Amino acid sequence: MTVDQLINWLPFGTDWPVITFLTAVIICALPVFLFIAVYALVAIYGEVKISSFMADKVGPMGQGVGLHAGKWGLLQPVADALKLILKEDIIPSAADKKLFVMAPFVVFIGAFISFAALPFSQNTIIADMNIGIFYILAVGSLSVIGIILAGWSSNNKWSLYGGMRSVAQIVSYEIPAGLSIISIIMLTGTLSMQGINEFQQGTIWGILPNWIIFNNPFSFIAFFIFFISGVAECNRTPFDIPEAESELVAGAFTEYSGMRYAFFFLSEYAEMFVVSGVSVTAFLGGWNSPISGFFNSPGWGVFWFMGKTLSLVFVMIWFRWTFPRLRVDQLMSICWKVFLPFSLLNIFGVGIWILIAG
Amino acid sequence: MSKYFSNIFEAVSTLLTGMGITWRHMMNIRKDNVTLQYPEERWPRPERDIGFDFDNYNVIRSRLQVDIDDCIGCMKCERACPVQCIKIITTKSGAKGEDLPDINHTGVTSNGTKKALIVSRFDIDMTECCYCNLCTYPCPEECIYMTGGPNSHKHPIDYEFSQYDRNELIYKFAKDVDEEKLSKYFPRKKEAKA
Chain Y
25 MTVDQLINWL PFGTDWPVIT FLTAVIICAL PVFLFIAVYA LVAIYGEVKI
75 SSFMADKVGP MGQGVGLHAG KWGLLQPVAD ALKLILKEDI IPSAADKKLF
125 VMAPFVVFIG AFISFAALPF SQNTIIADMN IGIFYILAVG SLSVIGIILA
175 GWSSNNKWSL YGGMRSVAQI VSYEIPAGLS IISIIMLTGT LSMQGINEFQ
225 QGTIWGILPN WIIFNNPFSF IAFFIFFISG VAECNRTPFD IPEAESELVA
275 GAFTEYSGMR YAFFFLSEYA EMFVVSGVSV TAFLGGWNSP ISGFFNSPGW
325 GVFWFMGKTL SLVFVMIWFR WTFPRLRVDQ LMSICWKVFL PFSLLNIFGV
375 GIWILIAG
Chain S
4 MSKYFSNIFE AVSTLLTGMG ITWRHMMNIR KDNVTLQYPE ERWPRPERDI
54 GFDFDNYNVI RSRLQVDIDD CIGCMKCERA CPVQCIKIIT TKSGAKGEDL
104 PDINHTGVTS NGTKKALIVS RFDIDMTECC YCNLCTYPCP EECIYMTGGP
154 NSHKHPIDYE FSQYDRNELI YKFAKDVDEE KLSKYFPRKK EAKA
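If you read the sequences in order, they're chains Y and S. Our numbering puts the first residue of the first sequence at 25, with every later residue one more than the last. Our numbering puts the first residue of the second sequence at 4, with every later residue one more than the last.
Just so you know, not all the hints are guaranteed correct.
Pairs of lysine-lysine, DSS-like flavour, derived with a Cα cap of 30 Å [claimed, not checked]: (1) S/Lys6 to Y/Lys95; (2) Y/Lys181 to Y/Lys121; (3) Y/Lys81 to S/Lys34.
By construction, these hints were calculated from the structure, which means they are not laboratory data. Bear in mind that the values here come from a model prediction, so they are computed numbers and not experimental data.
With the rest of the complex left out, here is chain Y (with noise of 0.2 Å):
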């Protein structure tokens, strides 16, 4: 299903176009929003919980009489979301207010849109457009405008640093992450999401499934160089600078409360959810299932997409309560003295390879 069809299956037709289109749009907006609320609060779940299992505690939990978190503390992200919803709006009276006003909006716009190219299954997806992964990439950056007016409107000098560092840092991991994405481009020979998705279809040499992590070995690294820079433009633990509790109070979000800071926090799960997506469709074969041949129906396609997108969600989580913060330096070392040679040997190995073995 995809945007494409419910303008031409709507009854307006083409006599109000404008309004198919708002109709259609909205049709397709709204279960996306209440996926990425929902998938928020799962995430929020799991990852105190996991956090917690990893530090060898149990997390939220209710026992006994009284107002406690549910059972194994499953009201807890409901609990969370309630808090934030009632909490009080502060505005700082320095602050600039209508660019305070306008940057979790601008953040969480650049994570929403991005689902409108990812393809759940093989007829799910809201818009199947020819340049769908160079889309996700170009939308992907307008969260940095968002952090960095935070940043500068909240008028502190921690949210400056914290917007400055985060623009660094997304800006700069971009470059690895769009080269790395170039050598998937070049085996599939399409920008297409769901291109791309068809070309890991099958197997190799039978055993295998035909995804591209599996292609080549210059894939093989692409993935991890994607994925972690993927990690880095979330700003997650460890690169996680921007925010920086013990430095920087709490980056550029330091003056945000109630549910603007929330808006931040779910535009940072839901970043989360588009970058393990957008590895999943471009190295995990998306929607295809491991064993080729069997399960492939789009109902599975659903369920081995969520399934893989999860896991990855689940390793950013490991990440995060495993490896401490980088430091600015180190951060920058790693991504242009490691992740940029490495994605460039990357096109050039990709390279080669098509030309020896298709």
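Fit chain S to the known structure of chain Y by using the hints.
Frame of chain Y, contents of chain S only:
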């Protein structure tokens, strides 16, 4: 150049080692869990060993306890209390040393003293108590004492007094004496005078 690659190799291997450690901890959470769900689960109480014979020294003052059946209502403890956290109300008993099963009143203490008063209220506000132990010395029947001291054989040591409501820290020791019943059996002469 070789240092560059050895650096990368070292980084990858150490990161994988770290991830392995957290993975192991996550998987063994049932065994390694250190959290206690406090009000429902408690650590076992450690064996008492304070380093010397505690029968002679009342060093552990964990809370005040009153054996209300032994209390004769002399109010010496109330007078001794420096912070006035003990409140006692007594009524004169009709017959000295007589059991009154209607209000669960015991006539004779364990020391053999015949009681002349019915204690209808014996409240200790532990939020105000300063744990000075001064109330226990004047007691002629030794019925008020700090748990954990020489009287610990009467009452097990207890050191967790957390309550959900502050009012629950006001310990009420008196038997539930109904005012109506009391006045029916022993009409108060004081009130009549007033």
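Hint check:
1. Between the alpha carbons of S/Lys6 and Y/Lys95 the distance comes to roughly 52 Å, so the proposed pair goes past 30 Å and is violated.
2. Of the supplied pair hints, the one linking Y/Lys181 and Y/Lys121 holds, its CA atoms being roughly 17 Å apart against a limit of 30 Å.
3. About 11 Å separates the Cα atoms of Y/Lys81 and S/Lys34, which keeps this hinted pair within 30 Å; it holds.
The structure is inconsistent with hint 1 alone, although it conforms to all the rest.
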